[in-house]
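J.: Residues per chain are reported as follows:
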Amino acid sequence: MQEVSDFVLFLGRFHPLVVHLPIGFLMFALILELADNFTKMKHLNAAVPLALLLGAISGTVACILGYMLSQSGGYDEDMLNGHFWFGIGTTLLAFFAWALKSGVLKIAILQKAKPNLALLTVMVILLSVTGHYGGNLTHGEDYLVKYAPFREKEEPLPQLAKLEEATVYPYLVKPVFEAKCVSCHNESKKKGGLAMHTFEAMALGGDGGAIFMAGDVEGSELIRRITLPEHHDDVMPPEGKTPLTEQESALIKFWIEHGQANEVATLGTTEVPEEVLAYAASTLGFAAAGVGQGSSEVLPTANPLNMDVVNTITAAGFKVRELIDGSGLVEITLDDNKINASNMSEWEEHFQSLTPIKDQILWADFGGNDLSDAIMVQISGFTNLRKLVLDNTSITDAAIQPLASLNSLESLNVYKTNVTNNVLPMLKEMPNLKKVYIWQTQVSADAVEQFLENSKLEIISGV
Amino acid sequence: MCSGHDTLRSDNKDLQEVEKQWDRRNFLTKTSLGIGALAFGSLLKAEKAFSNPTGPDAVQNFVKNKLGLPHHLPKAKRIVYLFQSGGPSQLDMFDYKPKLKDMFGQDLPPSVRQGQRLTGMSAQQSSFPIAPSIMDFKQYGESGSWVSELMPHTSKVVDDICIIKSMQTDQINHDPAITFMQTGNQLPGRPSIGSWLSYGLGSDNENLPTFITLVTKGQGGQPLYSRLWGNGFLPTEHQGVQFRSGKDPVLYLSDPENYDGNDRRTMLDYLGKLNGMQNDAYGDPEILARMKQYEMAFRMQTSVPEVTDLSDEPDHIFDMYGKDSRDPGTYAANCLMARKLLEKGVKFVQLYHQGWDQHIACPGGVRNKCKQTDQGTAALLQDLKQRGMLEDTLVVWGGEFGRTVYSQGQLTDTNYGRDHHPKAFTMWMAGAGVKKGMTYGETDDFSYNVTENPVHVHDFHATLLHLFGVDHERLTFKHQGRRFRLTDVHGHVVKDILT
Numbered sequence: 001m002q003e004v005s006d007f008v009l010f011l012g013r014f015h016p017l018v019v020h021l022p023i024g025f026l027m028f029a030l031i032l033e034l035a036d037n038f039t040k041m042k043h044l045n046a047a048v049p050l051a052l053l054l055g056a057i058s059g060t061v062a063c064i065l066g067y068m069l070s071q072s073g074g075y076d077e078d079m080l081n082g083h084f085w086f087g088i089g090t091t092l093l094a095f096f097a098w099a100l101k102s103g104v105l106k107i108a109i110l111q112k113a114k115p116n117l118a119l120l121t122v123m124v125i126l127l128s129v130t131g132h133y134g135g136n137l138t139h140g141e142d143y144l145v146k147y148a149p150f151r152e153k154e155e156p157l158p159q160l161a162k163l164e165e166a167t168v169y170p171y172l173v174k175p176v177f178e179a180k181c182v183s184c185h186n187e188s189k190k191k192g193g194l195a196m197h198t199f200e201a202m203a204l205g206g207d208g209g210a211i212f213m214a215g216d217v218e219g220s221e222l223i224r225r226i227t228l229p230e231h232h233d234d235v236m237p238p239e240g241k242t243p244l245t246e247q248e249s250a251l252i253k254f255w256i257e258h259g260q261a262n263e264v265a266t267l268g269t270t271e272v273p274e275e276v277l278a279y280a281a282s283t284l285g286f287a288a289a290g291v292g293q294g295s296s297e298v299l300p301t302a303n304p305l306n307m308d309v310v311n312t313i314t315a316a317g318f319k320v321r322e323l324i325d326g327s328g329l330v331e332i333t334l335d336d337n338k339i340n341a342s343n344m345s346e347w348e349e350h351f352q353s354l355t356p357i358k359d360q361i362l363w364a365d366f367g368g369n370d371l372s373d374a375i376m377v378q379i380s381g382f383t384n385l386r387k388l389v390l391d392n393t394s395i396t397d398a399a400i401q402p403l404a405s406l407n408s409l410e411s412l413n414v415y416k417t418n419v420t421n422n423v424l425p426m427l428k429e430m431p432n433l434k435k436v437y438i439w440q441t442q443v444s445a446d447a448v449e450q451f452l453e454n455s456k457l458e459i460i461s462g463v
Numbered sequence: 001m002c003s004g005h006d007t008l009r010s011d012n013k014d015l016q017e018v019e020k021q022w023d024r025r026n027f028l029t030k031t032s033l034g035i036g037a038l039a040f041g042s043l044l045k046a047e048k049a050f051s052n053p054t055g056p057d058a059v060q061n062f063v064k065n066k067l068g069l070p071h072h073l074p075k076a077k078r079i080v081y082l083f084q085s086g087g088p089s090q091l092d093m094f095d096y097k098p099k100l101k102d103m104f105g106q107d108l109p110p111s112v113r114q115g116q117r118l119t120g121m122s123a124q125q126s127s128f129p130i131a132p133s134i135m136d137f138k139q140y141g142e143s144g145s146w147v148s149e150l151m152p153h154t155s156k157v158v159d160d161i162c163i164i165k166s167m168q169t170d171q172i173n174h175d176p177a178i179t180f181m182q183t184g185n186q187l188p189g190r191p192s193i194g195s196w197l198s199y200g201l202g203s204d205n206e207n208l209p210t211f212i213t214l215v216t217k218g219q220g221g222q223p224l225y226s227r228l229w230g231n232g233f234l235p236t237e238h239q240g241v242q243f244r245s246g247k248d249p250v251l252y253l254s255d256p257e258n259y260d261g262n263d264r265r266t267m268l269d270y271l272g273k274l275n276g277m278q279n280d281a282y283g284d285p286e287i288l289a290r291m292k293q294y295e296m297a298f299r300m301q302t303s304v305p306e307v308t309d310l311s312d313e314p315d316h317i318f319d320m321y322g323k324d325s326r327d328p329g330t331y332a333a334n335c336l337m338a339r340k341l342l343e344k345g346v347k348f349v350q351l352y353h354q355g356w357d358q359h360i361a362c363p364g365g366v367r368n369k370c371k372q373t374d375q376g377t378a379a380l381l382q383d384l385k386q387r388g389m390l391e392d393t394l395v396v397w398g399g400e401f402g403r404t405v406y407s408q409g410q411l412t413d414t415n416y417g418r419d420h421h422p423k424a425f426t427m428w429m430a431g432a433g434v435k436k437g438m439t440y441g442e443t444d445d446f447s448y449n450v451t452e453n454p455v456h457v458h459d460f461h462a463t464l465l466h467l468f469g470v471d472h473e474r475l476t477f478k479h480q481g482r483r484f485r486l487t488d489v490h491g492h493v494v495k496d497i498l499t
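These protein sequences, in sequence, are chains A and B. Taking my numbering, the leading residue of the first sequence gets 1, the next gets one more, and so forth. Taking my numbering, the leading residue of the second sequence gets 1, the next gets one more, and so forth.
Worth double-checking, as some hints may not be accurate.
[What the hints assert, rightly or not] Below, in silico cross-link-like pairs of lysine-lysine (DSS-like), each with a Cα-Cα straight-line distance of 30 Å or less:
| # | chain 1 | residue 1 | chain 2 | residue 2 |
| --- | --- | --- | --- | --- |
| 1 | A | Lys253 | A | Lys162 |
| 2 | B | Lys323 | A | Lys387 |
| 3 | A | Lys358 | B | Lys66 |
| 4 | B | Lys156 | A | Lys387 |
| 5 | A | Lys387 | B | Lys436 |
| 6 | B | Lys323 | A | Lys456 |
| 7 | B | Lys435 | B | Lys495 |
| 8 | B | Lys217 | B | Lys99 |
| 9 | B | Lys323 | B | Lys371 |
| 10 | B | Lys371 | A | Lys358 |
| 11 | B | Lys156 | B | Lys436 |
| 12 | B | Lys371 | B | Lys217 |
| 13 | A | Lys162 | B | Lys495 |
| 14 | B | Lys99 | B | Lys323 |
| 15 | B | Lys340 | A | Lys387 |
| 16 | A | Lys428 | B | Lys436 |
| 17 | B | Lys156 | B | Lys478 |
| 18 | B | Lys340 | A | Lys416 |
Hints were generated in silico from the structure; no laboratory data involved.
With these hints in hand, go ahead and build the complete structure from the sequences.
T.: So, in structure tokens, the structure goes:
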């Protein structure tokens, strides 16, 4: 490509601005002509030549600037040609129409039968075609109809069961490129000779060669461009466009370094940095995962909170708190001294009202209350329960037995209850249990010591 | 609407005059700038929308969080922040520097100080003699964390805490530094950490304030201002409430002499109706805040005497916290009170202990401060642990900055002073989601510069919010045309110390 002076490019960039002047003028000329023909506002006719002349002149300027802009390169050749010739055609026609209308040019055959209306209509059609080409050049070919109701819908990617199954490029990287890069790097507008709308096109690289090298972050031009300081001349996306977020940059680095920059690598095939995992989880709808907590713990997926159920539960006296906004996962708590022997049967019913959300309860605190065996059976149905606080309650060993079914339970607090040494073997049946609080119970220090000889549980008694 | 509006108007001429000053129609009549007035009207609405985010009424058992919080699964439900005001000497407590023994009295090398700004209190000194700590240091626990002889109780709980030796702040004087530590900015006017949490996450107990401050009585030292627990530009109900030592923990809660309080509920109901009408007419969010506070105060008439009464505590608990704990208003008693408040669902309990400003006679001064606080601190930690509360309670210990390795004033074998030092100091965190038995960060041989894993105040704030399930970049409040954060435009979560 021959060198083009900066000044030409500078002027060229005014093309999108100036180009709207002839559009307006010429459209308005047609409207004036229509008004003249179909309404009583005959006096408007006098303005038509002026509108046409202005349209023609500004059209000429737009053509020149457009030619300058085209020198910057990167446009689809065919489409650019179309735009070029239609633009010139429109302008010439505008001059011709002005000449006719103003009487500079007199052609006898055209003086009859509303010739100007037809001429102007043709002109506006040409104008529209030119504009459409121009729009495609600037925004990409699928811009106009991308969200049209009649469009052919793209096949959505299949829903993932597990985060690890996500292929990095289609699920994560491609959407980033589509949002941040493709508007200037596509089939019809290849800035710097680069198109990024498909993996194959991207792999071909741009004028400067390949944009990424699998496994080599340092050597990948793509990474250099997206991580430059925001005012740097070479930064991508260029200043003024939305830059990539830190997480998105990290993702692309990860894809190049560990994903081998191909289309098939999945999150499961390699060790994924926490930051990338967090980003992946949140964009792919695994938002409930322990984001950034130093582990890739995955939370159970839950339905959104059913407000009718919540209202029933809270009316009964439970407090409900959503642990992550919108996740449907909740903590259930009960104030002290709500349940006693006299209202026990009532509360046993209230606990039944928790059943519809039993899989959504992650933490529960019923401390400071009398809890019957029937209530404990209800609690044992909270399949995803992780933290259970039963301190200062009336429970005994028998109450702990049903809890053995809680496979997710990590922490159990039975401080200041009547449990005895007999609960220790029961604790072994809970596979995920890590901490048990037994201060001020009948559990003896000796029994704990003996128990810990072959258990990794952390048992916290008094200090 | 209009008739309702009219019934509010009083027959009293003077009152009508006052009301006219705020009358909407009057306002519109007097300002001929119709557009400006419209814009103003929309501003008022916007403010209303922004200022009542956590829901209509705190007494509900489920409040949909309108700010979209928590962003991720929290580890912490509540926090107790043991603030040691004045700048505790990290050199005499946690940051063991054995090499200094051989450098006693030598001038601090310029390569260490690197021309750093000093306070006016020691900048004029002709020399900066190195003052090694005279305290005996040992490693404790399975973690082998270094702690000095000054803290025999804390040294027993090192396996439960994460000591951060690489704290850094931007401020070198008390007030800006403490304001920075508590609000994220050195200038007064920003909301404190507790106010942000109250605003973002709401209350867990409608009978007590979400954010309570306890100040050790009779300590003197650098002054503390209530703005350190203030709400800044957040709605007023999110400010911290100071519980005082002595007979009335909260002023004016108890009934005046010769009044039995029987008709108070009726009085408040009528007052609430009046305020409700006022609110319907003007929509000023502060009216709602005031109504909430009246109701809160009413509930606190029962809840506060209950929670501040330590007489039910058994002797072995008092023994654990130390004999001071029987004397209300001491640090130890406040630690015990803090545990009770946390048990009741108070989200943020902030203790302040003043007097850690040892410019002169540092060894004696620090010894004295440790004596006042060490046992209470360790006991609180253990007490939370045995009750199972440490699991979701974050405990934070620390001051606003550290102290210098060089002696301010004369250095002798047994005595030295230490000036303020912002570039490296020690804090510790424990509980909810924080790794235990860990020492994080490293300083140079002089405890002057951080050499490894610096933790800036903004990072500390980001980490604290993170433990509550809050992304510090997304908890914002729009004020004066921009959205503010606790961490301003800074802060990184210190992931290394998280479980």
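J.: Each hint needs a verdict: does it hold in this structure or not?
T.: We went through each hint and held it up to the structure:
1. For the proposed pair Lys253 (chain A) and Lys162 (chain A), the alpha carbon gap of about 22 Å is at most 30 Å, so the pair holds.
2. Under the criterion of a C-alpha separation no larger than 30 Å, the hint pairing Lys323 (chain B) with Lys387 (chain A) is inconsistent with the structure, at around 35 Å.
3. As the CA atoms of Lys358 (chain A) and Lys66 (chain B) are separated by approximately 24 Å, the hinted pair is consistent with the 30 Å bound.
4. Of the pairs offered as hints, the one joining Lys156 (chain B) and Lys387 (chain A) holds, with about 27 Å between alpha carbons and a cut-off of 30 Å not exceeded.
5. With a C-alpha separation of about 19 Å, the suggested pair Lys387 (chain A) and Lys436 (chain B) falls inside the 30 Å cut-off, and the hint holds.
6. Restraint check: the Cα-Cα separation between Lys323 (chain B) and Lys456 (chain A) comes to about 37 Å, which exceeds 30 Å; the hinted pair is violated.
7. About 10 Å separates the Cα atoms of Lys435 (chain B) and Lys495 (chain B), which keeps this hinted pair within 30 Å; it holds.
8. Taking the CA atoms of Lys217 (chain B) and Lys99 (chain B), the gap is near 39 Å; set against the 30 Å cutoff, the hint is violated.
9. For a cut-off of 30 Å, the pair hint linking Lys323 (chain B) to Lys371 (chain B) stands: about 12 Å separates their Cα positions.
10. In summary, the hint linking Lys371 (chain B) to Lys358 (chain A) is not supported, as the alpha carbons are separated by about 49 Å, beyond the 30 Å threshold.
11. Restraint check for Lys156 (chain B) and Lys436 (chain B): the C-alpha separation of about 13 Å stays at or below 30 Å, so the hint holds.
12. Only pairs whose Cα atoms come within 30 Å are accepted, and Lys371 (chain B) paired with Lys217 (chain B) is accepted, the gap being roughly 15 Å.
13. With a C-alpha separation of about 25 Å, the suggested pair Lys162 (chain A) and Lys495 (chain B) falls inside the 30 Å cut-off, and the hint holds.
14. Proposed proximity of Lys99 (chain B) and Lys323 (chain B) is contradicted: the alpha carbons are some 38 Å apart, above 30 Å.
15. A distance of roughly 21 Å separates the Cα atoms of Lys340 (chain B) and Lys387 (chain A); the hinted pair therefore holds under the 30 Å criterion.
16. Between Lys428 (chain A) and Lys436 (chain B), the direct Cα distance comes to roughly 24 Å. Compliance with the 30 Å bound is thereby established for this hinted pair.
17. Note on Lys156 (chain B) and Lys478 (chain B): the hinted pairing is violated, with a Cα-Cα distance of about 45 Å set against a maximum of 30 Å.
18. A distance of roughly 16 Å separates the Cα atoms of Lys340 (chain B) and Lys416 (chain A); the hinted pair therefore holds under the 30 Å criterion.
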